[in-house]
Amino acid sequence: MDPARPLGPAQIDAVAQLGVSTILLGGIYALIAVGLTLIFGIMRVVNFAHGEFLMLGMYLAFWSFTLWRVDPYFVLVVAIPLFFVVGLVTYVLVMKGVITASHNVQIFTTFGLSILLQNVALVAWSGDFRFVRPWHLSVALRIGGTTFNLSQVVAFVIAVVLTVALVAFMKWTHTGRVMRATAQDRDAATLMGIDTDRVYRLTFAIGIAAVGAAGVLVAPLYSVYPTAGLQFVLLSYVVVVLGGLGDMAGALIGSLIVAAVEVAGSYVFGIAWKEIFYFLLFILVLVFRPAGLFGQRGSETLGA
Amino acid sequence: MRHRAVAFTALACALFVSGTHAQTLSGEYKLGVLEPLTGPLAFEGKRHLEGLEIVRDMINERGGVMGKKLTFALADATDPTVAASEANRLITREGVKIIVGTFSSRLCGAASEVAARHNVIYWETSCVDPRFNKRGLKTVYRTEIDATGFGWYNVEFIAKHLAPRFNLRPNQLKIAFLSEDSSYGQGVTESARQRAKQEFGMQELATDYYNFTTINDMTPIVLKLKQLNPDIVHHIGFGNDAVLFWRQSKEQNFLFKALVHAGATGYGGADFGKALGNDANGVFALLEPGPGFRLEALRPEGQKIERDFREAVQKRTGSYPLGGHQLAGPGLWLLKIVLDRAGTDEPDKFNAAVMSLDLPVGSTMNGWGVKFSETGQNANERVQHYMLQWQNGQLVTVWPEEFTTHRAKWIPLGPWDQRK
Amino acid sequence: MTALTRHAGAVVLFGGAAVVPLVIRDAFFLDSLVLILLWGALSAAWNVAGGYAGQVSIGHASFFGIGAYAGALMVTRFGKSPWLGMLLGVVISIGAGLIIGFLSNRLKGPYFALSTIALSQVLLIAVSRWRGFTAGGEGIPVPFRPGFATLGLGHVAWVYMALAVAILYYGVEVYLEHSRIGYQLAGVREDEDAAEALGIATRALKVIAVTVSAALTSVCGTLWAQYVGFVDPAYVFSVDLSVRFALNTIIGGIGTALGPYLGSILITVLETYLRATFAGMKTGFTGIYLVIYGAALILVVRWAPEGLTGIAARLRARAAAGARGARAHA
Amino acid sequence: MLRLEGVDAFYGDLQALFGVSFEVRDKEIVALVGANAAGKTTSIRVVSGLVAPRGGHVLFDGADLASVPAHRRVELGIVQVPEGRRLFPFMTVRENLLLGAHTERARAEKERTLQYVLALFPVLGERAGQLAGSLSGGEQQMCAIGRALMARPRLLMLDEPTLGLAPVLVGRIFETVRTINADGVTILLVEQNVRQALTLAHRACVLESGRLVLSGPARELLGDERLKRAYLGL
Amino acid sequence: MLTLEGVTKRFGGLTAVRAVSLDVREHELVGIIGPNGAGKTTLFNVVAGYYRPEEGRVFFAGSDVTGRAPHDICRLGLTRTFQIVKPFGNLSVVDNVMIGALTRTPGVRAARSDAERVVDACGLAPYATARARALPIALRKRLEVARALATRPRVLLLDEVMAGLNPTELGGMVDLIRRLHAEGLTVVVIEHIMAAMMRLAQRIVVLHHGEKIAEGTPAQIVADRRVVDAYLGEEFVLAQA
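Sequence order for the protein chains is H, C, E, S and B.
Residue numbering for the first sequence follows the working numbering, starting at 1 and increasing by one per position.
Residue numbering for the second sequence follows the working numbering, starting at 1 and increasing by one per position.
Residue numbering for the third sequence follows the working numbering, starting at 1 and increasing by one per position.
Residue numbering for the fourth sequence follows the working numbering, starting at 1 and increasing by one per position.
Residue numbering for the fifth sequence follows the working numbering, starting at 1 and increasing by one per position.
A couple of the hints might just be wrong.
As the list claims (entries may be wrong) - Straight line, CA to CA, 27 Å or less: simulated DSS-like cross-link-like pairs of lysine-lysine:
no.	chain 1	residue 1	chain 2	residue 2
1	C	Lys138	C	Lys420
2	C	Lys371	C	Lys160
3	C	Lys274	C	Lys68
4	C	Lys160	C	Lys197
5	E	Lys108	H	Lys96
6	C	Lys304	C	Lys68
7	C	Lys349	C	Lys68
8	C	Lys420	C	Lys409
9	C	Lys336	C	Lys138
10	E	Lys80	C	Lys138
11	C	Lys134	C	Lys197
12	C	Lys250	C	Lys226
13	E	Lys108	B	Lys86
14	C	Lys134	E	Lys108
15	H	Lys171	S	Lys110
Just so you know, these hints were derived from the structure itself, not from any lab.
I would like the entire structure built from these sequences, with the hints used as guidance.
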C-alpha cells in the first residue's frame, strides 16, 4: 500500500497528524535554537558547546526528578537563574578571552569546551541513558484525528512564549535594543555610553539560560546522557541560519521549516534520509541567502 | 563525599605512576580488557566491563585461571583507531597474551586484527558482525552468536511461537522492519529479513533505517507503518529511539500484533522499562535469560554456575543480570574453562583446547553450551537465546517455554489501554 | 641558511622516525609512531586549505572517508589493489573538493566551516544508507593480505610508509612556501583584494588549494583504512576527526610545514598517555583524560593561537636578540 | 570645559597627532578644520576615548580622563557623532534615538529629550518606524545628531556632519548646530566645509599633518591665506 | 590608453560616481582630486574591476574591460594600489613584492631578483627582510607602490599613497612617482594633499559629489572658482576677493 495513494479519511488524518507533528517538533527545535541565535546573532560567536549546555539542563531535570520528584516545570523556575549564572561564569572564564579573536579560535575553543563538559558529565554521572517520566508525558490529547502529547504541547507553548518574550525583550526593552545595537556596530554602541563587554556577558548568560531551560523541558521527551546535546547542535545551526542571524522569530519559523522538511521527508521518502534533506537545505540557504530566509540582506556580514 | 576524596587521591597518585608495569607477576595472570569506556558507546561498555569484573572475582574465588589470580589490564576503545592502538599497547606494554573485548563491531574488527598479527589470542564476548570470524584469523574466537544468530532466533520465535498463536501461517504474516543504522542493528535486521523471506515466505512491508543519534520524532514512520498495517514490527532500537517509537505508537494508537527486538540495547535495556513503566508491557526482546528462567531446565553444573553468577551480579549491582553482564561475564567464564584445560596461553595449544571443548546446551552460565567451529565461532545452536517480554516493569523470560515458568502474554497485543 | 638548517626540525623529526624502527621493535611504540605520522600527514593535508589558503574546514573527514571507503571497497567489492582504490578516492575527493572550493568562494568564516560540516554529514548519511554497495552502518572489515600491492604491511613497513607520506606532504608544504603558487596563495590568505589587484586569480587558486587538500586527505584515508582494518561511516565521516586534523595544525602552527607534525606529536602523545593512565584506573574515571584534553585545548587555542612553531619562533627571536645584545656589549 | 594638553596619538605605529593642545570653553562652538588626514577625527576620538593618547592629557572639567573608559565618558556628558553617522542600520529611527539615552541621567529625561529632538528634526518623527539604514543621507545625519542629543550631552562632538550631503541640507545641519548650541550645549565641530564651519564657529583650530598650525576667532581665519595653503598646499 | 565613457556607479540610492568620462593618454601623469566622499576611490574600483558600473564603459589599451575580473585587468597591464594599504602583513617586504612579480615572471628565482630590483628602486632595500606589518606607515605605502610596480603595469593607479606622510616622506614619495613617470609609466593618482598634486600632475581632474566638475593643468585648477568653491566654500572665495 502506497502512502501516497488517493486521499481517504485515513490519509487526511495522517496528513493532519504530520502537520501537528511538524508544529510540535518545530517547537522543540525553536526552544533549543533560540538561545543559539541570540548568542550567534549578537556576539557572532560560533558556540559548539551549545548542545552541552542543553545536556546539562537535561541532567538538572533528571536529578531533580529522581532525587526529589520535582516536575520539570517547577525545575524551570530554578533552571533559568541557575543557567544564567552558568552562562556568566562561562563567559568570564572562557568566552571573554576569545570574543575579539578570529572565528577559528572561537570555533576550536568552544569545541574544547564541548569535549570538556561532555566528559565531566560522563565522569560524574556515567554514560547511562537516563529518563525523566513526569505524569504528563503519558497524557495524549486527541482532537479530531490528531494526537498531541501533553509534554510536547507544553514544550511548544513555552517555546512560543519564550520566543515571544525574547522578541519582545529585544524589541521593546532598552537592554534588548542595546544588545541589538552592539551587534550592529560595536564602536557606535560604545559612543552611546554602552559597556559592550557587559552586553556580551548578558547576551551569553541569557542565551545559556534559554538553552538550559530548553534542556529541562526536553528531558522528558528524550533520554539524558552525556552526548545528548550533539544531535541538536548542528540542527540548531541549520535553524539559526535559516531564520537569519539573531532573529528570534526567524528561528521559530526556521525551526518549523526544518521540522516540516524532516517530518514530510521521513514520511514520503523514509526516515533514513531525513538529515540529507535539511543539510542540503542548509547548504543551499547558505549559498543563496546567507542572511537567512527572512533576514535582511547584508545583516549576516555586520560586525563579523 | 569521603568516597570522592579517596577517588581523587587515587587519581592524583595515578598521575605519577608511569604507564608501564612489570610483566606478569608470579601468581597472577593478566588479561587484556578492551571496552569502549568513553564516547557514545560508553554506557554499554561500562556494563560489559562490570560483567567481566564480576566473573573475574568469581573466577578468583574459584581458584583463578591455571592456578593464578586473574587480573585485568584495562584499556579504553573509543573508536577503531584507538581500539587498534590500545590493543597494541595491551600486547606490547602490558604483555598480555589474551585480549577480551569489545562490545561493538566497529571496534572488535580493528582490535582483533591487531591481536592476530601479534599472534595474541582475541576472545570476543559480544560483537555480532557475521564477518568477524570469516577473516581467516587463527587466534580469534567469539563466544556469543553473531547477528545471523540473533536474526535466526527472532524469526524462529515469530514463525514457531507467535504465528500459531495468531492462528496464521508464517507466510501469511506481514512484517515491517525498522532499525537503527549501527553495525549491530543493520546486521541483525538484514539476517532476520533474509530468513523471514527465504525460509518462511513472510511478507515484508517495509524496511527503514535511521540514525539513532539524530532521531527526534518517530511520528512520521509510525503513521506510515500504521497505514501499511503490519502484524509484526521487527524493530532494533538502541536507546531513546525505542522509547520514542513505543510512546508515539501509543499516541497514534498504532495497533499491531507484536513487536520483536534483539539485544541488550533499546527495548532490551532496563532503561526502557524505567522510561515507560507498565506502558512497556508486551514488547519482546531476544536476550540472555531473565526472571522466570527455570534453573532446573539446565544441567546440574549449569544450574550451579548460573545461580552463582546471578548472586554475584545481585551482590554487586543489586539487580538481576543485564544483557551486557550476560554477554561479557559468561564469555569470560568460557575463557577460564579453556585456559584451565589448555594450561597455557600458547596459541596452538589454546586452540586445541578450544576445539576439543564440547559442552551441551544447559551446562554453563545463561544455559549456554560450547562447540566452536573451525573459524573460532561458538555454534549458534549452543548459545541458547531466550525471548524475554516486558511484563509489568520487568523483562521476563517467556520462550523457549521449556526454560521458563512465565508465558508470553498479550498475543496478539490488544488495544493500548488493555495491556495491564 | 642552508637547506639542512632551514629544515632542521624536519630532519630531526623524520630522521628520528626513520631510525627508530631499526632500534625499537615495540609494536605499541611503532603504532604510535605510525599514527603520529599519519595524523600529522592528514593535518598537513588540511593545512593546505586551512593554513596556506586560509579556508578553515571542519568537514575534512569527508575526504578521509571517501579515501577510506574507496580503498576498502576496491579490495572487498572488486578484489583489486587498494592502491587502485586510493586513486579512485583521489578522483572522487577532487570532485567533492570542487564543491567545497565553490563554497569557499561564496561563504566566509563560520558559515564556510558550518557548510563543510554539513557536507560531511550528508556523506555520512549517504554512505550509511547505500547498504548494497557500502555495507552501510555495518562497516567494512578490510582483509589483511600481506604484501605491498595489497598494503598488508608489518609495523616497521607501516612506519616507513607513513613516513614516506609524511615527508612527501612536508615536501608539498615546503614547495607551497617556495613556489609561485605558494607565494600567490600566501597573498590570497593575507589579503584577497590585494592579491586580486596583483593579477592573482584568487577564486580559482582557492579552489585549487582546497581540491589538492582534499586529494591529499583522501590518500591518507585509504592508507588509514588498510592500516586499521575497519571502516565504518560513523567514524570516518565524524566531526571529531575533522576537528582533529584542524587541531593538530592549529596547535602545531597553522600555515607552517612542520606545524602539523609537531601538533600531531603533542596531541597523539598527550592523548595516548592520558588514556593509558586513566583508562585502567577505575570504571568511572575513564572520561578524565578527555576532560583534561578539552581543558588543554581551550588553554592552548586561547593562549597560544600561533601554535608551537610560533612559540618556537618567538623564543628564537628572543634568543637572537639576546645574542645581539651580548655581542653589542662585548 | 575641555582641554587637550600636548596630546600625541598613534594608529598602530602611525603617529596621527603631534603634541596637540587646544581648549573648548563652556557654551562655545569650536571648529577643527584642516585637510584630510590632518588629525581632526583623531583629536575627537581621543576625547571620546576610542583612541588612547600616548602622550599628553585630556582634561574635562579640570579632571584627567585618562582612566575613564569610553562608555563612561558619555555619562560625563561627552558625546560624539561619529563620521559616517554609524547608525544602527537594522533598527528603526525611534530605536536609534532611544539608544542614545543609555546613561542613567539621560534615561530619566528620555521622554522630554525625545520631544526636544523631534521638535528639532520633525522629519525623524515622520520616519520613526522606518529602518535607519533606509533613510536618506541627510535624514541619517539628523538621526545621528538626534541620537547623540538623547544622551543629554554637555559637549557634543560632530565629525564631518555634512559629508556627502547636498548643499541645501548642509545649511540645515549648520542651522541646527547653532540651535543646539543656543540651547546650552558646547560644540566641537570637525568640518571640511571650511567656509560654513568658520561662519558658524566662535573659534577655530587648524590642523595640518597632525599638528596645530593656527587657531583663533573663526571670523578672523576666514579668508586667511594660511588657511588656503593648509588646504590647497599652495 | 585608458578611457572611461560615462561611467556611473550607484550604491542603493546613492550615486557615488555619475557619468564620468575621462581619457588618460599614454605616458601621462593624471591627478584626481576632490573632497571626501567625492567618488574618487569608487572610480578606481570601477576601473580596476572591483565594481561593475551600472552605466558606461571602461576601455584599456583598446579593449573593453568593463566588468572583467581585477586579476585579468592587472594582467592586461593596469594595476592599482589601495588607499587603506593592504600589505601581506606576515610576509617579508621582498616576498610581498615578489607576489606581484610572479604575475609576469613565473620562475620564483627570476621573480625574486625582479622583486629585489623593485625593492631597491623604491628605496626599500634596507627593509627587504622585515615583516610588512612591522613597517611604519610611510614604508608600507611605499611597499604598496613597489608591489604594484612589480606586476610591470603600463598604467598604475595610486590611491592616496601620500596621505599620512610627514613632509620628508612625502617628498620621497613625490620623487619616486616622478621617476616612475619619467621611466615611461602612465600614472593616475588620487590625492588629497594638493601641494603634492600641484607638483606632480600634468593634468588634474576634479570630482565633486561623484561628478567631474573640472579638468585642466594644476594652474588652471587652482584658478578655477568651482574647485575652490568645492573645497573651501563660496564665501571663502568672496571673502578673499
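Verification of the hints:
| no. | hint | verdict |
| --- | --- | --- |
| 1 | C/Lys138 x C/Lys420 | 52 Å, violated |
| 2 | C/Lys371 x C/Lys160 | 25 Å, holds |
| 3 | C/Lys274 x C/Lys68 | 41 Å, violated |
| 4 | C/Lys160 x C/Lys197 | 15 Å, holds |
| 5 | E/Lys108 x H/Lys96 | 23 Å, holds |
| 6 | C/Lys304 x C/Lys68 | 23 Å, holds |
| 7 | C/Lys349 x C/Lys68 | 18 Å, holds |
| 8 | C/Lys420 x C/Lys409 | 10 Å, holds |
| 9 | C/Lys336 x C/Lys138 | 19 Å, holds |
| 10 | E/Lys80 x C/Lys138 | 24 Å, holds |
| 11 | C/Lys134 x C/Lys197 | 24 Å, holds |
| 12 | C/Lys250 x C/Lys226 | 11 Å, holds |
| 13 | E/Lys108 x B/Lys86 | 19 Å, holds |
| 14 | C/Lys134 x E/Lys108 | 49 Å, violated |
| 15 | H/Lys171 x S/Lys110 | 17 Å, holds |
Hints 1, 3, 14, counting from the list given before, are not met by this structure.
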